[in-house]
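Student: Line by line, the protein sequences are chains A and B. Using our numbering, the letters of the first sequence map in sequence onto residues 5 to 473. Using our numbering, the letters of the second sequence map in sequence onto residues 5 to 473.
In short, the hints are calculated from the structure, not lab data. Heads up, some of the hints might be wrong.
Stated by the list, open to error - Cut-off 25 Å, straight-line C-alpha distance, at most; resulting in silico cross-link-like pairs (DMTMM-like, lysine to aspartate or glutamate):
#	chain 1	residue 1	chain 2	residue 2
1	B	278	B	91
2	B	469	B	357
3	A	389	B	33
4	B	407	A	399
5	B	389	A	284
6	B	407	A	284
7	B	407	A	33
8	A	407	B	33
9	A	407	B	34
10	A	469	A	284
There are 2 protein chains.
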Amino acid sequence: MPRILTLLSLLSLSLCYSPGVYAQEREEEEEDAFFIRRIYDVALTEGRCYDWLRALSTDYGGRLSGSPQAAAAVEYTRQMLDTLGLDSVWLQACRVPHWERGDTERVRIVNSPSRGSIDLGGLALGNSVGTGPEGLSAEVIEVQGLDDLELLGPEALAGKIVFFSRPMDPTPIRTVTDYGGAVDQRVYGAARAARYGAVAVLVRSITTSRDDVPHTGVTVYEDETPRIPAIAISTLDADLLSGLLRQEVVRVYLQANCRTYPDKLSYNVIGEIKGTRYPEEIILVGGHLDSWDVAGGAHDDGAGCVHAMDVLQVMRRLGYRPQRTLRCVLFMNEENGLRGGLEYARVSNERGEFHLAAIESDAGGFTPRGFSCDGEASIFVDRFKSVIDRFYLLEPYGLSLSKGGSGADIGPLKSQRGLLFGFRPDSQRYFDYHHTANDNFDAVNKRELEMGVAAISSLVYLLDKYGTD
Amino acid sequence: MPRILTLLSLLSLSLCYSPGVYAQEREEEEEDAFFIRRIYDVALTEGRCYDWLRALSTDYGGRLSGSPQAAAAVEYTRQMLDTLGLDSVWLQACRVPHWERGDTERVRIVNSPSRGSIDLGGLALGNSVGTGPEGLSAEVIEVQGLDDLELLGPEALAGKIVFFSRPMDPTPIRTVTDYGGAVDQRVYGAARAARYGAVAVLVRSITTSRDDVPHTGVTVYEDETPRIPAIAISTLDADLLSGLLRQEVVRVYLQANCRTYPDKLSYNVIGEIKGTRYPEEIILVGGHLDSWDVAGGAHDDGAGCVHAMDVLQVMRRLGYRPQRTLRCVLFMNEENGLRGGLEYARVSNERGEFHLAAIESDAGGFTPRGFSCDGEASIFVDRFKSVIDRFYLLEPYGLSLSKGGSGADIGPLKSQRGLLFGFRPDSQRYFDYHHTANDNFDAVNKRELEMGVAAISSLVYLLDKYGTD
């Protein structure tokens, strides 16, 4: 099939282009290709993302919403944006949840008949309640997912610690796909198990790695059920626990003194270059400034923040005067509340703004593979054909465009009916680090990070130049 | 332009396909897509490459030709191939150079007027002669490349240590391109500088990283000029030396006791599954078993070896009976001699063999981006159109096909006029590790490595099924 397409396509060229039209398109194509190449040159030689990320993930690591680190990161990134000569830099207030892990997390298999007592490594899920200072001890029942709960019912689950052990599927090519297939038990496991009288949940970490590193992440409670503690264990510990459960009754002792405090004031950090011709049309590049508390938040999502900041830096350095308004937004509280993203969209709608496009980088600082575009097909075809048709200019840089999700923080902008893009870096290593104590600066490669800035800047250039049809 | 192509292409479908032809092609396409998906499933869940690489790069690290580690790696990989139930596994003898680094490498800036004496980290280039036990001391002259030597001439260079400091260009998207632009000074610098009476050379390490890790690699002497010592220094040390040279005369003391011993007997390790229908047509997958001496040789080229071995393992596990002969070849001595590759081709030609295709993996165990294909355009178009036209089946896995180089070891097979492919993984991190003490198992990601096996196996499947036209 492709063979015939190619032959006919070549034929069609000579039929469809009058020499004049062809020459003009050709000139424009060359101009675009040349500018995109300059973007890459500058990003790879004069980028600042890597140095910013070093600071953000070492000096301001563990930027969980409401923490002193998050507050300091707001100020640091505001100051850095202030060095870029933008038209304006400001903070946008939002109230955020304030959860703290505390200083105790214990997961202990108690007096196993075959193995005695074994301490596992545990990491409380974000928003989890604590166990109280005495902790709690109960028999463990293993399930493969949320559907098992209803099948087992309260007679099997009441008074138990429910252990969600469904592994992440290693076969999808994009690991984000696998993650989507496993994450429900982490997010909703505690709330759903509580409906049947469970006293706590343990969750197998969501990663395809087999290692001893637990992965945290958010859990979401329901108003109508009791809040029970939820703790992640590593994949190796989960395998150990599953193995024991196949041969004997296992009791586990849990202790955690995490807790939620009253909401705090925090901020989205925003910088923009005003458009020269269509200032009312906004092109947003963003990431989220908060991270989990256990590491530097280098890939998640320090990388996305410095991507967004460096896009403006690179465009400035190139002397580029955008026709449309370029806005960098570092959202607060993506991890356990999305308050920053929601507040940003609320204010934007209230002001009657129009986001022609929003691009979120929240999948790590790895080699770019392309962008996924969220929204109705009619939006692309009717209104953004000129941009989408020129995406082939980015293909020599290893980038492709696909339908798919965009980003949690920009999702609330969907009602403005612009284009929402998710930046898609290579995903193979992401879940080695995601939400763990290993998500630190040393896990990020400089070139891979810089290539992300170049990729996003290039898409921004096309969006700014060709806008809507 | 692409817009019009696409519209016409869609139109053309209805014109060109009679329903019968379409249904048959469609069925074959589905069968191929299904099998390729199974290859990925097996490679990602039952691959053995990662465990093999752990052994190869830890137990048998530093596999430089002629070393005990190289000899042990020959035996280890032969045994592992023997566990796969192949039709035959054998060793192919070849004589290889035997160079040893020795135990002393000193690079010292002596009595700099501004900084006193400074010890730099040095790593002798492979094949380099030593300095003798007393070492040597001389004034340093910095050059940007081979062409500078002729401009400066013997009056400037005689008695000096020539410092080749041209950095690797960070702007190409594939780092292998940058490497090609910088490597000549390392390979030929010593021989060329010796023509003008230089007493030794220092070479800036070939990497875009700025760090204190020196990178070794081969240097090649000429018969007609004296052999002078050649030592690599890290990019940070190179910057320091360049900085000093801008302000003062710098003398450097060098000492190295590396030396070349008589050639030794070694082996290529080969395993094959005989073709059921065209056993005389060989599809080769390969990597090189030798590595530099300073690390585990995990990416270069342990990854390529376990890729090649695991392709056969995965095909066996799938119960695949190839029509053509599948052969895994682990070449000896790619790094400093290519003796294995030359001997393999010599024997193959002598036996009148025909390699329908050869695929070499020698660019690391990173996420696959595709394959580059070496050879005359006429070979593809006339004889391999059926295979090339079906490459689109691999595009959903992020793979693309381009013209370009293949691999050093399979290069000598070119005269058989088959297809020569180079496996192309993502290249951004490769030169962080290449030829350094950091090229160890912990630099390899399991999923990225396994994806390479799947990518190569999928291409092998298409080559085996569709062969030549």
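Student: Give a verdict on every hint.
Tutor: Here's how the hints hold up against the structure:
1. 278/B / 91/B: holds, 6 Å
2. 469/B / 357/B: holds, 19 Å
3. 389/A / 33/B: Distance of about 30 Å is beyond 25 Å: violated.
4. 407/B / 399/A: holds, 16 Å
5. 389/B / 284/A: Distance of about 52 Å is beyond 25 Å: violated.
6. 407/B / 284/A: violated, 45 Å
7. 407/B / 33/A: Roughly 23 Å between the alpha carbons, so the hint for residue 407/B and residue 33/A holds.
8. 407/A / 33/B: The given pair, whose Cα atoms are some 23 Å apart, holds under the 25 Å limit.
9. 407/A / 34/B: holds, 22 Å
10. 469/A / 284/A: holds, 15 Å
Hint check: violations occur at hints 3, 5, 6; the rest are consistent with the structure.
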